[in-house]
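For the record, the sequence lines run as chains A and B.
When you line the first sequence up against our numbering, it's residues 3 to 720, in that order.
When you line the second sequence up against our numbering, it's residues 336 to 820, in that order.
In case anyone wonders, no lab produced these hints; they're calculated from the structure.
It cannot be assumed that every hint is accurate.
Unchecked claim - The calculated lysine-lysine pairs, modelled on DSS-like cross-linking and capped at a C-alpha distance of 25 Å, are:
| # | chain 1 | residue 1 | chain 2 | residue 2 |
| --- | --- | --- | --- | --- |
| 1 | A | LYS105 | B | LYS621 |
| 2 | B | LYS448 | B | LYS361 |
| 3 | B | LYS557 | A | LYS145 |
| 4 | B | LYS600 | B | LYS477 |
| 5 | B | LYS798 | A | LYS135 |
| 6 | A | LYS47 | A | LYS135 |
| 7 | A | LYS135 | B | LYS600 |
| 8 | A | LYS105 | B | LYS820 |
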Amino acid sequence: MSKKSSIRPKIDFIIERFFIIAGVVILASSLTLGFYFNKYDEKEKRKNNLQKIHSMLSQLIVPSLIISDLSEVRRLLYMASGDDETFLVIDSDRIVIMSDYGKSLFSQFISNTYLSIDDCKKLAITYQYIGDKWYLVNCSRLKTTDVLSNENDIGVLVSFSTYKFFFFSPLIFYFIGILIFLFLVLIILLRRMLYRQLLQPLVILKDKILDISNSVFQTRYIHEIKNAPRELLEIKNAFEKLLLSLQEEYQRSAAAEKMKALIDLAAGVAHDIRSPLTALDVFIKDIKNIPEDQRVAIRDSVNRINDIANNLLTQYREKKNEESDKSINQIKPELIADLLVSLVSEKRAKYKNNEINLSTFLEEKAYGKFALISSSSLKRVLSNLIDNAIEAFATNIQVNLLEKANLLVIQIQDNGCGISEDILSKIVSGEQISNKLDGHGLGLPHAIKAIEKEWGGKLKINSFINKGTTIDVYLPKIPPPKWFLSELIVNPDNTIVIVDDDESIHRVWKERFKSVYAIFNFIHHYHSIDFLNWSQNHSLDSCVFLIDYELIGSHKNGLNLIEELDISGQSYLVTSRHEDVRIREYSEKIGLKIIPKNFAVYIPIFLLKNDIEKNPDLIFIDDDAAMRSAWIMRGKLKNKIIAAYHSANAFKIKMNQFDFTIPIYIDSDLNDVIKGEEFAKELYEIGFKNIYLCTGYQADHFSTMYWVKDIVGKEPVF
Amino acid sequence: MRNIYLMIVFLFFLYSVVAKADSNKKELRVTLQSSEISLDPGGIQDSQSLFVSRQVDCQLVRNQGSIFVLDAAESIKYLTPLKIIIKISDKSKFHDGSPITSEDVVASFNYIKEKRNIFKNFYIWVDNIHVKDNKEIVIILKKHIPQFLKVLSATNFNIFKKSFLEKAKMDKNIWKFPLGCGGYKVVEFNDQRIKLEPISSGLPIIFDLMKKNQLNAVEVGKYDIITLNVIGDSSNLYDFDTLEIFDPLQYYVGLNTKSKLWNNKSDRCRFLYELDVNNLLNSYGKVAIPANDLLPRGTLGYNAKSNYLFELGKLVKYSAYRKKDPSLNPFCLSYLTVSIQDNKKNYFLDMFKKNYSKIILKPINNVKRYGKTFINENCDALLFALKSNYFDGYEYLTIFENNDANFSGLYEEKLNSHILRSQMIEDSKDRAKEYQKISKEIRDLCFVRPLFTIATRRIYVRKTLKAPGIGLISIHQYYLGNISK
């Protein structure tokens, strides 16, 4: 029973309960009101009926009573009486005549109550308590119709009717019966209707949803629901539509997941390939004893592998951009060298069967330069320009990246058929010159518009018929973003700590640093645990850390290690994931610079001479390596020797060799255990008197500091 | 534990058996007034005899108060207003188990016709009664008589086995144990009591005959139904329901016109007129109403406006009264023992003692021929009371026909034929008028005076009894087989 009730549809129960309660309330109210009014109505009716019966019975009884035909009188009384009603006659001698003297209660009552004919009036239509019940008593006088008779009254007719609290007419019972019957029929019909029209479809819908949930979208149509209310059919249709969307989304998602997995795998491969490729790049440059043609073949092979890796990474980035829902058309600082390498790789892949020699040259100083552009738009522009060159039957296309003053120049040289002057002028003026239908070749006017109007650059075309065309795209150079390290400055006594799971990167850095200063001390770590263990037993102050972000086989990445050891001021994150916005933002937050891994080959490395510290013009202490580089570089330009230190402790080690009069510029926010102003006070107390506080804040931000000579900005003061 | 259970079961079984045995012993004890009970329908039967006969005998049809109920008959059909076919029920049987036949019914009617010289109306209506077959009889009426069934249903036409009737003609004593067809049969019949045993269902009945026509209150506990006046502490009747059934009983004083005292009408008129009944009435209390008409209240023909005594007085006015010397002629007073209670006897005597100091009492126990007995004993006056079976004036007037009930010694052919003629009147209103005329004739003959009427009969029924319909009819018409305890 309980099981049955527990599986009973809840909505059915609620609706049924509502109707039953409502029905019962309405029924009860109607009946109560009906009874209330019926009671009075029936009482009056009953009294009237009783009086009519009295009148009729009197007319029948009187003739028999006159002749003392008691048999007839009793017969009439017997006929008039019933279970609930008793009639009796009291004659003029007060003799009680009734059909059944067994009802002695009434004869005794009347013997005690009725004394004279006048008492009849008192008894007429009254309620009397006789025995243990209430009775409606009526009394009427029996009169002769004999006009000659002196005495008209020959007795009285008395009736006793059982008193009922409720007087019901039979109609009310029929009414109640019909009402209850209708009510029950309605409930049953309603229940059936609800079940068929609403609950059954709902249950089918529920079961179907459960089935579909379990069977992973085998079907999306619910054929079982045919006859249902419109709203329910709409829900069914909506559900089927939702199911269709879900199925499509599921399939898309599954495909995307597969694709993502593939791309991730490919990206991983590309990343992994790029490190040894970078090393190869470095080593090829130094290969001297291999014949030229073989060296070219090796370089082409390396380029080919590079292209494959770049294309994979390009696809990965595009996918990432799609996923992050960030518009690739957004104008932002972009590393142009990176973009060109990627584009050329794409083009080489596209035209690999066309015997076209597509090569790049990246000027060393232009390699780490940024411009404010939309990477996708620039790629499209450059792609169109390369396509135009190929369509112009060029077999040799050279893409160069050069730096001229504060401009970056992307130069595309081809040996194609060239462009006549009149066409060139039309192109420059923006007229439509191409007859091609597929859209290629439409790039020049559009490129000019984008370069000049959107990015503030310029496009210059030099073309000679049958000799070739050179297109220079000038883009304003912008300072690198905070996260990017443009050049690497090291002291000769610095220990170079390289943390990377890829052995080839270790070799690259070793080659690069050796090329600058042959006797650098190198520490190599391939795993985070090894590195952490080592860091606990060694002083880290004179170390420069080159740490990979992704350390295969380690629980911690490069950022975790840098943060944990608090070495962001003397560390550089070397990673191919420099496009990852989260890594960039986090690095900026902790004052860390990133070296794109493929940039390791190109990044300029500067060595501070030992005598710099012996006789510098000023000392600059800042945890920000970029800022330190900026000060050193400005010093070079102005013939000033700058001794830069990344922390208070680093300076303390060397401070004994400096004169107390030397100007010391200290960054306020050293990102160290000690604030710049506090370290300044400490130095002042030691004896240094020319101390300046470098800060981005206004001077009134600080309280008076007698140990500080002045508060200056962070820009080099010379 | 098991033994205890067995003991309980055994005790329960024992109690059931004892209780059943006790219930078997249960009887219905009913009082009867002092009377010489006769179960012979051929003579005059008092109400006590009729009460016993009702239990022992069956009739074709009975009057149950206001409706007719078939008894031995299965159907009664009026083929025409004058031809009635009565079919006897197959279920109706005599006490010996033999079925009632048409021959038995016709023999019973014939026996009553031969033996009974009152209630002649039935036979003057009937032209012929004959057997149609074993179970059907045909009654041919002389004219349409609306009250025919009412009379037939009155307790006067009992059915007996033909062979029994033939035997009864030879031996009157067998009437004590009649072979009837009622629910009971007589198993004991003596001066103290009559015991009846049920044929199939009902409680055994013991009728106790009370010599004094009254019962002392201390004795009420013995009885289940008491039909007598109870004297003494009424609180003893706490266990009884009191029923006041309309069953008018009118007391009369009748004179023997053949007596030397009353051979003069004027003397009779004066004597009757001057009888003082006040003390007697007072002794009865409120239940007794002075009689104003020859017929009692509630009887067809009763005239509420009649003043019998006043009219009698008018007769006295014109008659010369010759008072006899009471010392020389002792006054002979007869009375029906069934009518006069012991405790009222002196009040009755006192009425006569004013005029006659020497009174000889001659009680009449057997009502069968009470009129003839009274005349034959040459008594002067007779005290008697009459009651009705179907509330018709004829039941009172029939005693003034030439029959064994006629106590007057006066046979008036004119009156006799007038009474018989009245029975041929169809309309009850006309018949009532005729009864009034006859009453006037009788009154003018000055040989009877109605004294008073006791309109209702008080009976006490034990509360534990279930007696359905006991109030519908007079108690002597009630079938006690309906009662259960």
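Discussion item. Hint check: LYS600/B vs LYS477/B, CA-CA at most 25 Å. Holds or violated?
Written reply: Violated. LYS600/B to LYS477/B sits at ~38 Å, over the 25 Å cutoff.
Item to complete: With a cut-off of 25 Å on the C-alpha distance, tell me whether LYS557/B and LYS145/A pass.
Response: violated (46 Å)
Worksheet item: Straight-line Cα separation of LYS798/B and LYS135/A no greater than 25 Å?
Response: holds (19 Å)
Discussion item. Need the status of pair LYS105/A, LYS820/B: alpha-carbon distance at most 25 Å?
Written reply: holds (19 Å)
Discussion item. Check whether the Cα positions of LYS105/A and LYS621/B lie no farther apart than 25 Å.
Written reply: holds (21 Å)
Worksheet item: Taking only the CA atoms, is the gap from LYS47/A to LYS135/A under or equal to 25 Å?
Response: Holds - the C-alpha atoms of LYS135/A and LYS47/A are around 21 Å apart, at most 25 Å.
Item to complete: Given the hint that LYS448/B pairs with LYS361/B, test it: the Cα-Cα distance must not exceed 25 Å.
Response: violated (39 Å)
Fill in: 25 Å Cα cutoff - pair LYS135/A, LYS600/B
Distance of about 59 Å is beyond 25 Å: violated.
The earlier numbered hints that this structure contradicts are 2, 3, 4, 7.
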